[in-house]
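A.B. asks: Spelled out from the first residue to the last, the chains are:
10 protein chains.
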Amino acid sequence: MLFHVRMQVTIPDSMPTERADLLKSNEKALALTLQQSGKWRHLWRVVGQYANVSVFDVDSNDELHQLLSTLPLYPFMQIEVTPLAQHPSALAAN
Amino acid sequence: MLFHVRMQVTIPDSMPTERADLLKSNEKALALTLQQSGKWRHLWRVVGQYANVSVFDVDSNDELHQLLSTLPLYPFMQIEVTPLAQHPSALAAN
Amino acid sequence: MLFHVRMQVTIPDSMPTERADLLKSNEKALALTLQQSGKWRHLWRVVGQYANVSVFDVDSNDELHQLLSTLPLYPFMQIEVTPLAQHPSALAAN
Amino acid sequence: MLFHVRMQVTIPDSMPTERADLLKSNEKALALTLQQSGKWRHLWRVVGQYANVSVFDVDSNDELHQLLSTLPLYPFMQIEVTPLAQHPSALAAN
Amino acid sequence: MLFHVRMQVTIPDSMPTERADLLKSNEKALALTLQQSGKWRHLWRVVGQYANVSVFDVDSNDELHQLLSTLPLYPFMQIEVTPLAQHPSALAAN
Amino acid sequence: MLFHVRMQVTIPDSMPTERADLLKSNEKALALTLQQSGKWRHLWRVVGQYANVSVFDVDSNDELHQLLSTLPLYPFMQIEVTPLAQHPSALAAN
Amino acid sequence: MLFHVRMQVTIPDSMPTERADLLKSNEKALALTLQQSGKWRHLWRVVGQYANVSVFDVDSNDELHQLLSTLPLYPFMQIEVTPLAQHPSALAAN
Amino acid sequence: MLFHVRMQVTIPDSMPTERADLLKSNEKALALTLQQSGKWRHLWRVVGQYANVSVFDVDSNDELHQLLSTLPLYPFMQIEVTPLAQHPSALAAN
Amino acid sequence: MLFHVRMQVTIPDSMPTERADLLKSNEKALALTLQQSGKWRHLWRVVGQYANVSVFDVDSNDELHQLLSTLPLYPFMQIEVTPLAQHPSALAAN
Amino acid sequence: MLFHVRMQVTIPDSMPTERADLLKSNEKALALTLQQSGKWRHLWRVVGQYANVSVFDVDSNDELHQLLSTLPLYPFMQIEVTPLAQHPSALAAN
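Line by line, the protein sequences give chains A, B, C, D, E, F, G, H, I and J. Just so we're aligned, residue 1 is where the first sequence starts under UniProt numbering, counting upward by one. Just so we're aligned, residue 1 is where the second sequence starts under UniProt numbering, counting upward by one. Just so we're aligned, residue 1 is where the third sequence starts under UniProt numbering, counting upward by one. Just so we're aligned, residue 1 is where the fourth sequence starts under UniProt numbering, counting upward by one. Just so we're aligned, residue 1 is where the fifth sequence starts under UniProt numbering, counting upward by one. Just so we're aligned, residue 1 is where the sixth sequence starts under UniProt numbering, counting upward by one. Just so we're aligned, residue 1 is where the seventh sequence starts under UniProt numbering, counting upward by one. Just so we're aligned, residue 1 is where the eighth sequence starts under UniProt numbering, counting upward by one. Just so we're aligned, residue 1 is where the ninth sequence starts under UniProt numbering, counting upward by one. Just so we're aligned, residue 1 is where the tenth sequence starts under UniProt numbering, counting upward by one.
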């Protein structure tokens, strides 16, 4: 089941660099794992912003919330989730 | 080059059904052709709305505008275009 | 799986009363059926507006879109869908 | 009498963890008590956000404000309250 | 129990004057009746707009919705309802 | 002359409690004085928010600004002022 | 007493030209009269829009509403009214 | 050439009073000078807000930006600039 | 003197094609003339929308308003005007 | 390929002046380099704001993101990117 997720990241300027770097590297590691598992199907950078547009393929709302809320950068994110359905004109099945 | 495109369709209630149906079937035919060509890479339905989220793969802004503005339903669409770049944590190349 | 759905209905003043009444009665009939089936779990009226807040219990995004988009009043609705997950402090399971 | 309440929580990153944890555990305890009393009838997590959608069943506006404003996390919440009425197509009484 | 209600009226220019005048006079008559009954406690005109700010004193959400939704101009109104509680610094009881 | 005033209060979490309490008690004292004088005619709490809706009865814009801007909590308020006029259907004179 | 008034005019394309022209000429005549009387103190055109920014000098909210609501183009206007006070750094008295 | 300028001032609560007072007095001095020069033609206080509405009379966009950006409070202002033109119904020339 | 102008065009679906085409061709002719004169310095199409971003080089606000308000499509445009000044890091003079 | 980019800069008041000045001078140096290379084609100051409107000429979305995200002030910017296409009435080729 597909969900469109837009993540806007805002890291306070006052955060020590080490902490920020650690968060980012942990975030990257987890993102790679989730992509390898197929859960995080698409991940694109929004040009000009510290934001991404993603598509997740999960079995339930709860699974999606669990994945998102355990991302290291989660506390510094504004997240919008849009459930997606099969489009009648789509060539590919979701 | 990838672009995230959100299309919200609003067809006036006053439009004769035949005209609306013709527009929709032409739209579907063109959407299928563009997907087959690889230009229209992803097409998903936004749950609960006459709207879709799509990803286009084109060579230029002009090409994207030409594709979008010649969609039969274009005059009845509100379209938001967001250019996408490669995300540093993305497993797959754009 | 639960989804929070807000439906704002706007019927054009120019619509003939008979057509409007037919749409409304068909809408009511389908709403009752879907509630009896357990799909449409909660349905409340927003005070002062031709709008409702509902909670649907469905198995997938696609099922939810199919239910919503086949509501007779669907073409006259602005719908916002918010996926819900289990709240860690909720007494009742979703 | 039912009220739809949306609570968005924002805890400053600068808050010491102990204080944040204490607030959250007190919040959870009170939430459970209010649910057991029937006042807090529904509590769902908004997927991807530190937010919930709830339905309260109270006897008056004043009672609702008293319940909300004494929640431990109240100073860190943006709250929207929407009064609900019986929907003419609702199977269940409010 | 007090509710703050803001009503913005938009009557289509295409509506025949007779129908508009009838709606308005019925609206005025009902407004006077509801004020005499004490339900419609305050009614003020927003300067420069076909809008009013009102305060209703009702026993329940359902009663408020019933009063508002049976106003003749209801189909041509955008209504925002804000439940009010006793302010700790208010001299007068609500 | 009546003005509708909505005051949203946001006190920074970092403010020492003593200072906050002093501000609040001074605010309450002044609010009571202004209500006794008839200037601050209505004061209601917005349910679920650190906000109030008020109606002031003053002789001029300048007087209203002087009253509002000398409220102890003024620097921590977002204020919206809406001038009110006599509604043609209002039973009571403003 | 000064009020800042922004008027955005939207005349439906379907309105017969004669009626629109008559409304506009009546509007202009009344605007000139009100300026001569000193009530309408400033009237400027917003560049690129069928809108104006004005400053009215009136004795009360009611007078302002009466002036605005009797403008011929009033039914086709979106109006925002902002009460103005004497600025402590202003050289000229209001 | 006239420009409508709305300035919303937000001074952080954490700023030492001396610094804030110095900024404000320098702001006032410069405002008086600019008004005497005719550049800053109108300056009004928005009732209930630390904001003003002004009209500047300058020879170019660059001159306006230079005046605004050298105001002592500029770093703490949200500024909206609206170019004004002669209104066809205005009695006075701009 | 430079102004950034964003024009969003919305032509009602009910407008006869001949009238729409005539408006568009007149618009194009005038646009070319104004570009040749140097007044309309830049004209770009916003991808995916019936909108453009332009830069005008004019001698005054009034001249800009005169140019914009006499565009054939003006009654069907939403226009935002932003005055531009010389950027301190700009290589080229405005 | 052209992109319209609006950059709004907000530097926290708490940032030491030296750091801010260094960021600004590095920003200016890079901006000049990018303009000399033709990548940063236009750079204008928005009157009254610490913001600019720019037009970039790049070969891809990725190149644009790389240029923007390596600007020294990038972490303190809100950026909106709008892809531009050739306007059918434009005299000059993009």
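Check before you lean on any hint, since a few could be wrong.
Unchecked claim - Straight-line C-alpha distance at most 27 Å; calculated DSS-like pairs for lysine-lysine: (1) J:K24 to H:K24; (2) I:K39 to G:K28; (3) J:K39 to J:K24; (4) I:K28 to B:K24; (5) F:K39 to E:K39; (6) H:K39 to G:K39; (7) A:K39 to B:K24; (8) C:K24 to B:K24; (9) A:K39 to A:K28; (10) E:K24 to G:K24; (11) E:K28 to E:K39; (12) D:K39 to C:K39.
For the record, the hints were derived by calculation from the structure and aren't laboratory data.
A.B. asks: Against each hint, give a clear statement of whether it holds in the structure.
C.D. replies: Status of the hints after comparison with the structure:
1. Distance check on the hinted pair: K24 of chain J and K24 of chain H sit about 26 Å apart at the alpha-carbon level, within 27 Å; holds.
2. About 30 Å separates the Cα atoms of K39 of chain I and K28 of chain G, which puts this hinted pair outside 27 Å; it is violated.
3. Between K39 of chain J and K24 of chain J the CA atoms are separated by roughly 20 Å; this keeps the pair inside 27 Å, and the hint holds.
4. With a CA separation close to 30 Å, the supplied pair K28 of chain I and K24 of chain B exceeds the 27 Å bound.
5. Distance hint between K39 of chain F and K39 of chain E is fulfilled; the C-alpha atoms sit about 25 Å from each other, no more than 27 Å.
6. Between the alpha carbons of K39 of chain H and K39 of chain G the distance comes to roughly 25 Å, so the proposed pair stays at or under 27 Å and holds.
7. Our distance criterion of 27 Å between C-alpha atoms is broken by K39 of chain A and K24 of chain B, whose separation comes to about 33 Å.
8. For the given pair, K24 of chain C sits about 26 Å from K24 of chain B by alpha-carbon distance, which is consistent with the 27 Å threshold.
9. For the suggested pair K39 of chain A and K28 of chain A, the alpha carbons sit about 15 Å apart, so the restraint of at most 27 Å is met.
10. The straight-line distance between the Cα atoms of K24 of chain E and K24 of chain G is roughly 26 Å, inside the 27 Å bound, and the hint therefore holds.
11. Annotation: proposed proximity of K28 of chain E to K39 of chain E holds, straight-line Cα distance about 15 Å (limit 27 Å).
12. Proximity of K39 of chain D to K39 of chain C is assessed by CA-CA distance (about 25 Å); at most 27 Å being required, the pair is judged to hold.
Of the numbered hints given earlier, the model fails hints 2, 4, 7; all others are met.
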